[in-house]
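*Asks:* Produce the complete structure using the sequences and hints provided.
Protein chains: 2
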Amino acid sequence: MTAPRSAREAGFLLAPPAGVGHLFATMKLRVILPALLLAMAAAPVRADEGMWLFSAPPRAQVKAKYGFELTDAWLEHLMKSSVRFNSGGSGSFVSADGLVITNHHVASDDIQKLSDERNNYLREGFLARTPAEERKAVDLELNVLQSIEDVTARVNAGVPAGLAGADAAAARRKVVAEIEKESLAKTGLRSDVVTLYQGGAYHLYRFKKYTDVRLVWAPEQQAAFFGGDPDNFEFPRFNLDAAVYRAYEDGKPARITNFLKWSAAGTKEGDLTFVSGHPGSTNRQFTLAELGFLRDVQYPYVVPRLKRLEVLLLSWGARAEENARRAKDDLFGIQNSRKVYDGRQAGLFSPAIMDPKAAAEAAFRRQAAGRPEGRDVEAAYGRIAEAVATQRRIYLRYRQLEGGHAFASDSFGLARNLLRAGDELPKPNGERLKEFGDARRESFELQLFSAKPIHADLETVMLTEALTILAELSGFNDPLVQKVLAGRSPANRAADLITGTQVRDVALRKRLHAGGAAAVKAANDPLIELARLVDAESRELRKQWEAAEETKQQAHAVIGRARFALEGPDRAPDATFTLRLSYGPVHGYEEGGRRIPAYTTIAGLYARNAEHRDREPFNLPARWLERKTALDAATPFNFVHTPDIIGGNSGSPVVNRAGEFVGIIFDGNIQSLVGDFAYEDTQARAISVDCRAIIEALRKVYRADALTGELLAGRRAN
Amino acid sequence: MTAPRSAREAGFLLAPPAGVGHLFATMKLRVILPALLLAMAAAPVRADEGMWLFSAPPRAQVKAKYGFELTDAWLEHLMKSSVRFNSGGSGSFVSADGLVITNHHVASDDIQKLSDERNNYLREGFLARTPAEERKAVDLELNVLQSIEDVTARVNAGVPAGLAGADAAAARRKVVAEIEKESLAKTGLRSDVVTLYQGGAYHLYRFKKYTDVRLVWAPEQQAAFFGGDPDNFEFPRFNLDAAVYRAYEDGKPARITNFLKWSAAGTKEGDLTFVSGHPGSTNRQFTLAELGFLRDVQYPYVVPRLKRLEVLLLSWGARAEENARRAKDDLFGIQNSRKVYDGRQAGLFSPAIMDPKAAAEAAFRRQAAGRPEGRDVEAAYGRIAEAVATQRRIYLRYRQLEGGHAFASDSFGLARNLLRAGDELPKPNGERLKEFGDARRESFELQLFSAKPIHADLETVMLTEALTILAELSGFNDPLVQKVLAGRSPANRAADLITGTQVRDVALRKRLHAGGAAAVKAANDPLIELARLVDAESRELRKQWEAAEETKQQAHAVIGRARFALEGPDRAPDATFTLRLSYGPVHGYEEGGRRIPAYTTIAGLYARNAEHRDREPFNLPARWLERKTALDAATPFNFVHTPDIIGGNSGSPVVNRAGEFVGIIFDGNIQSLVGDFAYEDTQARAISVDCRAIIEALRKVYRADALTGELLAGRRAN
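Going down the list, the sequences are from chains R and D.
Position one of the first sequence corresponds to residue 1 (the numbering used here), numbered consecutively onward.
Position one of the second sequence corresponds to residue 719 (the numbering used here), numbered consecutively onward.
Be aware that a few hints might be false.
Pairs of lysine-lysine, DSBU-like flavour, derived with a Cα cap of 30 angstroms [said to hold, decoys possible]: (1) D:Lys1057 <-> R:Lys328; (2) R:Lys174 <-> R:Lys208; (3) R:Lys510 <-> R:Lys328; (4) D:Lys1228 <-> D:Lys1145; (5) D:Lys927 <-> D:Lys979; (6) D:Lys1228 <-> D:Lys1201; (7) R:Lys339 <-> D:Lys1046; (8) R:Lys510 <-> R:Lys427; (9) R:Lys80 <-> R:Lys252; (10) R:Lys339 <-> D:Lys1057; (11) R:Lys434 <-> R:Lys452; (12) R:Lys328 <-> D:Lys1046; (13) R:Lys339 <-> D:Lys927; (14) R:Lys80 <-> R:Lys113; (15) D:Lys1057 <-> R:Lys483; (16) R:Lys208 <-> R:Lys252; (17) R:Lys136 <-> R:Lys452; (18) D:Lys831 <-> D:Lys1145.
The hints are simulated quantities; they were obtained by calculation from the structure and are not laboratory data.
*Replies:* This is the structure in structure tokens:
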């Protein structure tokens, strides 16, 4: 499942806060024998890789392999029926009266916000029987793409030939801002210039916005996420991971011209499917040097660390139910990440994935060598390798200090933010660490002053483990480790720090923040002083790390432009959380010598529930148990297919050749998790909820007759 | 809890098969500010460290600190009341008619053997209401120490002055064998010469044996191990970890002169207690170099590895109940070890433990430097440091290959044993790897031909993880890793190997073993061939490892003799699974700012059960729930005290100044786990079952009136 990971996980386990990418980091991915990377401009593709631009769809490939014509009308209809959720997922219009369908796990944050002590909609589900009962989402925004315009020439013209580095970037930002402003003024539509192919192309995307969005139906979370962590990223699967909203304009249901007709028949094995959604981010362009870093350095650190923390939280949680409750959010994030990293690590150790990557890189470099930009391309590969060498050298220490892993606790995060805010805010805006920029001030303070409960006992066990790992990695006798531990064992030092710090007091945080560096210093708080102790080395590591990242980014731009010049739009660009089209058939697979059929059924759901004797996380909501006999057991429930997807695609509509809604993407299997850097279609699969299961459940379990009628008819009955 | 770990765990996770020591590796331990190591001959000790010889008891220390006189009569009575279980634990006589009490977890292997499909005594418990109902143990042997004789002079005289190394060892073995043979002939008693102080002293121990031992009472395992893994090694605690046998001679209950009188009053906080039992093995003599190896190399490998395997088995087990059943034994062993290693690692990172160790080593070396053997002692420390440097260098690879960690599966163990048996058995007995010696043939074949079920699915997931870790540690491009993976991913290679091998077929194993190396080769079994592929490097690593071990052992003998010359019997020798006396008061402790009282009560048991709503592993057997109101809720249940214990002490009687039975050792807390290399008494505690809880439960829950009467009266009623 593709829920956003917890704040602690985001802040400490995986990376320092980054851009929008963090929304997708634990979401589903996708893999292949990346034959396509070998394919040049007009060469036939050997697999259905690609998250294609609607402005450069894979017409030839689909025609050649499936005999299907992607017409302009078909594409425009699908594009304008597709919806982007600002909460980090995808969806689609499914009625003329504004119904939007997405995943339950895309909606769940919002459903939580709509709940209160009397109405726990996550646990109980929700159904509005009339429009009056529909509940307005607290802060959802939907975007619908209206047009795509290639502005590459104008952007490039805005960057004079002699300019490089930061100057070039500034010139580019300037012309991009002009284009966006002009477009907004002209059309009234949200207008974003999107960077594609690592800078090989720039496109202007214009969106229609909906900000009045109301919840119509959500199943119980236990039906949406049946099987919990054990079945997460697995198949066979039985998740009703769907929820329905309605878009409003001027206080009335929006009139929608482009919406997807609901398929009564659904699909069968072998049927071609299309997926239209917003994949968040991929790194298919990673060089062998970068993949080697993941394989040799990052994953051997991250994978065991996640499992240590999982064992810590499980065993601490098992000691008392209150412990389990306190650890639950962190545990969920860790278990979800653990599956993601396990899946990716398996890919990095798989010759079937990596050998074609190596061959493709070699082939591209050979081809580029014969062209004018050949020397620049080779130099770019060299600069990437050098930057990676730096990152290999500093990675562990960087993660420990600047990544905060050595002090994994919410308290330390607060302590460091107080310390750094005191030091950074007096500086001119442009010279600050980026998270202290004026533009982020509001969200920074929202976080700093959050009243979210922080449990000292959980903080202490987490910090103890983190200090232990620091001592292991840097060596117990390392001078910084000795300073950090201050003559105490990790357990005693953690207890001292968490007991001694005052940062869990919101009022105190407000006072210190208002008082600036002097007040922060005067507080003489042990955890703030610990943050100060490591701050110089931590900042230095960050500088080195970010310099290496910048080097890689500029080098990738060189390679990306050369690749685009060679291959043009016949190769899909990496994902950027903009609308893309993927395709591929419904298709089972083999695993460990067993054939995994493409479809599960409602009968399978009840069988799995019985196999686990209705015990968590395989228990079913009461009405699912009560109404079992009313359901058609043969109804297809979830299915697997090969389209190229990744986190951000959650909630994407699946359509057939007729452009009808046949299902909704909600996950990928374990084998698909390498999709970040490679596509595979032997075993990797996208997993979708079948349209027929949604109708069967709405009718017989939720008895949502009006909604069912509207979905099937494409409009309200009245 | 101190159960022996599973075979897979013993074989692959921790070390190659060793001697009797493996029985104790996961058992409880003990810690201290090792002030005693600073204390020279007559200096007063600052803590109650020491597993003392009954022939050199801590008379002066106990007199000085507690005003109690350890008389010869008191000691002899306790010695002859103490019992050693050949299954790896301790016990004591508690009636004139042969009753022996030990831990349930010492008895549990035997209880399992007595169970069948109709009678699951582990789950249901057992009670013989009459002697006729007592069930004879399948293969228990009890030893009772009768006398101790110092034979150091005779042993040393048997080793001529000029001899060293292997020749000296051979001469020593010869004179030891003579002494043992003479003693057996003269007394008819089992006679063992025991090496103490790393060779500083040799003592002849004579034992009376009992081989007809019958089960009288065992509670349900759920009462004995209430709280399972979450509460394992923790306190407060509520375990009725006790079982009662009766020793027989000539088919009748044995007449016992020396047995412990059962105390009706029990103990109270502050009371001095003594523990008489058989601690298995300690390494208090470890040098700083050896401790540094544990801290910097071994534990940073073992701790994360255990947690990875735990997560693997938990998550695989959660997918299906049958998976959970298959993984259960391995999981228990891993979780138990995980607590042990976590506890020890915490000690290695604790200045309170390690600083005194460093000071003590420095003080001893200074003192030794002033004596004739000073130069030899320094040279010995140097040789240990060199041997440790070698072990640091080869450790990971040695563990991966010779330790079998890279191929963690029962199938690989069988494959390698077949391969090596074929190569080793044709050699002369003295030239073989030790596990192939003629003396071990029977037990080797018992294991090789065991019909124990091996599950291919579990083997595959374990082997996949093991190969992944190998690739991480050695590097994916390491030539051996590439050969082992043979162009496949870890998952695919594991599936190929486990599907392809025939070694799970017992009949085939018998055929191959009978056919020798030629038959093994001709089988062309993929797993046997994998074992062959790594065998040369594996054997070479073992040679280097064992040479380093031998060097350390000889150097420790030099240091041990010098230390014994300086300190004599006023310092207790390291544990050797021979009878020892420990002492210390009943005493609570502080943890994380909280006071942990010394006693729990029966009320606490029910409160913990209710806190977890009777859910596993905090559920109670039916009769415990039914008979709750009959019990006196204030009855003390478990208690903590400071005597110095370690694995092997399980089941040791706890006695008061009057020599009465007041409880039974069953565990140590987490903080005690560093006891392998240091004693601590600030937080480290032994945990015992209170004699009053045993009586209360026997009376009111088990309604074992005859047994209760016999325990309290010290003889049968009739």
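*Asks:* Given the proposed pairing of R:Lys339 with D:Lys1046, does the C-alpha separation stay at or below 30 angstroms?
*Replies:* 22 angstroms, holds
*Asks:* Tell me if the straight-line CA distance from R:Lys174 to R:Lys208 falls inside 30 angstroms.
*Replies:* 24 angstroms, holds
*Asks:* Within 30 angstroms, alpha carbon to alpha carbon, are R:Lys339 and D:Lys1057?
*Replies:* Given that 30 angstroms is the threshold and the Cα spacing comes to 24 angstroms, the pair holds.
*Asks:* Regarding the pair D:Lys1228 and D:Lys1201, is the alpha-carbon distance no greater than 30 angstroms?
*Replies:* 29 angstroms, holds
*Asks:* So if I understand the rule, the pair passes when the alpha-carbon distance is 30 angstroms or less; does D:Lys927 with D:Lys979 pass?
*Replies:* OK: D:Lys927 and D:Lys979 at ~22 angstroms, within 30 angstroms.
*Asks:* Just to be careful, I want the Cα atoms of R:Lys510 and R:Lys328 compared with a cutoff of 30 angstroms; is the pair within it?
*Replies:* 28 angstroms, holds
*Asks:* Is the straight-line distance between the alpha-carbon of D:Lys831 and that of D:Lys1145 30 angstroms or less?
*Replies:* Answer violated: D:Lys831 to D:Lys1145 is near 37 angstroms, above 30 angstroms.
*Asks:* Need the status of pair R:Lys208, R:Lys252: alpha-carbon distance at most 30 angstroms?
*Replies:* 17 angstroms, holds
*Asks:* Compare the distance between the alpha carbons of R:Lys434 and R:Lys452 with 30 angstroms, and conclude whether the hinted pair is satisfied.
*Replies:* OK: R:Lys434 and R:Lys452 at ~24 angstroms, within 30 angstroms.
*Asks:* Holds or violated: R:Lys510 with R:Lys427, Cα cutoff 30 angstroms?
*Replies:* 20 angstroms, holds
*Asks:* Between the alpha carbons of R:Lys80 and R:Lys252, is the straight-line distance 30 angstroms or under?
*Replies:* 20 angstroms, holds
*Asks:* Can the restraint linking D:Lys1057 and R:Lys483 be considered satisfied, given a maximum Cα separation of 30 angstroms?
*Replies:* Holds. D:Lys1057 to R:Lys483 sits at ~28 angstroms (cutoff 30 angstroms).
Consistency with the previously given hints fails for numbers 13, 18, ordered from lowest to highest.
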